[in-house]
Each structure stands twice: as structure tokens, then as C-alpha cells.
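Enquirer: Build the full structure now, drawing on both the sequences and the hints.
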Amino acid sequence: MLSLIEDWRVDETIASSDHNTLTFSIRLIKANGMNIQRTTRLYGTKKANWTQFCEKLDQLIEERAINTDKVKNVMNIRELDSLAEGYTTVVQKTCEDTLAKKMSKEKLTLPWMSDELHRLKKKVLTKKRRIRCAAPVRRKKVIKEYLKEKEKYEIEAKAAQTESWKGFCTRQDKEGVWEGIYRVIGRTAKRQEDLPLEKDGKMFDLRDSARILTEAFYPDDSMEGDSTHHKHIREEADRVNVESRDEHRDPPFTMVELRNVVKSFNPKKAPGADGLTADICSHTIFRNPEFFLALVNKCLELAHFPPI
1 MLSLIEDWRV DETIASSDHN TLTFSIRLIK ANGMNIQRTT RLYGTKKANW
51 TQFCEKLDQL IEERAINTDK VKNVMNIREL DSLAEGYTTV VQKTCEDTLA
101 KKMSKEKLTL PWMSDELHRL KKKVLTKKRR IRCAAPVRRK KVIKEYLKEK
151 EKYEIEAKAA QTESWKGFCT RQDKEGVWEG IYRVIGRTAK RQEDLPLEKD
201 GKMFDLRDSA RILTEAFYPD DSMEGDSTHH KHIREEADRV NVESRDEHRD
251 PPFTMVELRN VVKSFNPKKA PGADGLTADI CSHTIFRNPE FFLALVNKCL
301 ELAHFPPI
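Under the working numbering, the first residue of the sequence shown carries the number 1, and numbering increases by one thereafter.
Note that these hints are calculated values from the structure, not bench results.
Among the hints, a few may not be true.
The calculated BS3-like cross-link candidates involving lysine-lysine, where the alpha carbons are at most 27 Å apart (straight line), are [unchecked claim]: (1) 144 - 122; (2) 128 - 152; (3) 56 - 268.
Expert: The structure is reproduced here in C-alpha cells:
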């Protein structure tokens, strides 16, 4: 019962008792929450036609001449980034053409919308349609009537929004005022990518932001202040490096490693901004694993992985 009580407040105008009088409302219907879609999933893959997906992928890859030979001809980082970007674009285009977009089935309601505002809105739309059908001699008058009704609706809607927000901010229930406000702020926008850092009023790009975070969490390895134990570990590490140091020739990835990694993809993990889920990536890679293996080995060879 307590969860149904809202709008409680002290009413000092009631003087029939020696105690302060509390007034409150009891919510008899289920409240409509603000269920804002925050998922990064763009495509529905549950009923996907993967045969059609692979055929479209093959077609687009052939049109753009994206193959293993093209990977072998990559000589620098710029060419590698261009090839990876083109490959990603092909996959996204394939998804757009063959996979269904995820749509939210729930219709959200505006807490400030009333029957009177619905009536005014319907009247505005009616007068707007009349402009298209009006004769030239009456067009000016019809437009004037439409603008008048539109202005009236906007004023009423603005007043209703303000009053609704004031009521929300002053409402007292099991959820505190600031908790409710933070909940609304957190649920009225889609989930965004990580924003660049701001330090001392200066905005940094993604590369500088990564550098600042690296310096903060992984500072330079200074020998000053090393204990005896740390000095011993450092000497052992240097001895290993002297015996076998070949930084520029890491062993290439193998097909077995690639297949094991792809099979380990978690289908429940949310995709990034591109909307490419684990199953989309799996079908894309397994369609031509030789090309993808050559691509990641070229990244290893040039010591550069394209930015996400």
C-alpha cells in the first residue's frame, strides 16, 4: 500500500487537530514509466536469413574487390585503415539490406498530455490539412487560422509541461526528489559512446584522452623507490629480454586461433555504435576466414590495429 501513496504534504490550513494534517493521494492505476530505449542493438538477428546475408556479403565484397591479394599489397597504416573501413562499410551495408531493424513495440505516453491537449492537437492537424485543399482565394485566411490554433496549442502544451515538471519536482513519495530527477535524466537519452576527457577547461581528443588515462593508471616504470624484491624482479626480466628479444617479429595468428576466438564471442554482449553483434561478426568472419586472418596478421605486421 505504501508504494501507491504519492503527493503527500503537510496542510497547515486544516486546524481540527492538535497535530499537523497530512494529505496524500492513492494511485489506483499502474504508473507508466519512461522506458527509453538505451540498447545499442540495431538489427534483429533471431530470425535472420544467414544464407541471404552471406550471398549479399559476397556480392558487395566482389564489387569492391576486397580480397586477400589486396591485403598483401597493403604497405602502410593509411592503406590498412582504408581497407578496414571499406570492409566494415560492406558489412554494415549487408546488414542494412538483409537484416530487420529492431523496433520498440512499446508506445510511450507523455505525463503532461491531457484530453484537452489531444483535442487541440487534432484541431491543429485538421487546419493544417485544410491548407493543402484550400482554394487560392481562401488560402491566406486558412493559413491564418492554422497559425492561430497552432500558437494556442503550443502555449497550452508549454504550460502543461511546466506544471507537470513542477509537480514532479515537488512530489514526495518513496523515491526522493533528486533520485527521481536523476532517474529521468539517466533514462531520457540513448546510451552514448565514451566522451573525450576535459581537464582544466580544455577538451582532449580520443588519442590524448587515452594517453591521459594511461598516464594516470599506468605511470612510468621508474627505478626510484624500488625495493630489493622489485630490483630482483627487474634484473630477472632484463636477463630474459637479453636472451630472446625479437619485438618486431611476433608469430602470426593461426587459423585455429582465429576460429577459437570467434567461437568464444558472447552473443549476449552489447554491440558498439555500429550495431554489429556477435552472430553478425561470426558469420562475416567464417564466410571468408582466410581474408580476415590475412587482415589481422597485416595489422600485427604493421603494429597497428584500425581505430574502432
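Enquirer: Each hint: holds or not?
Expert: Each hint tested on the structure:
no., hint, verdict
1, 144 - 122, "holds (17 Å)"
2, 128 - 152, "holds (14 Å)"
3, 56 - 268, "holds (25 Å)"
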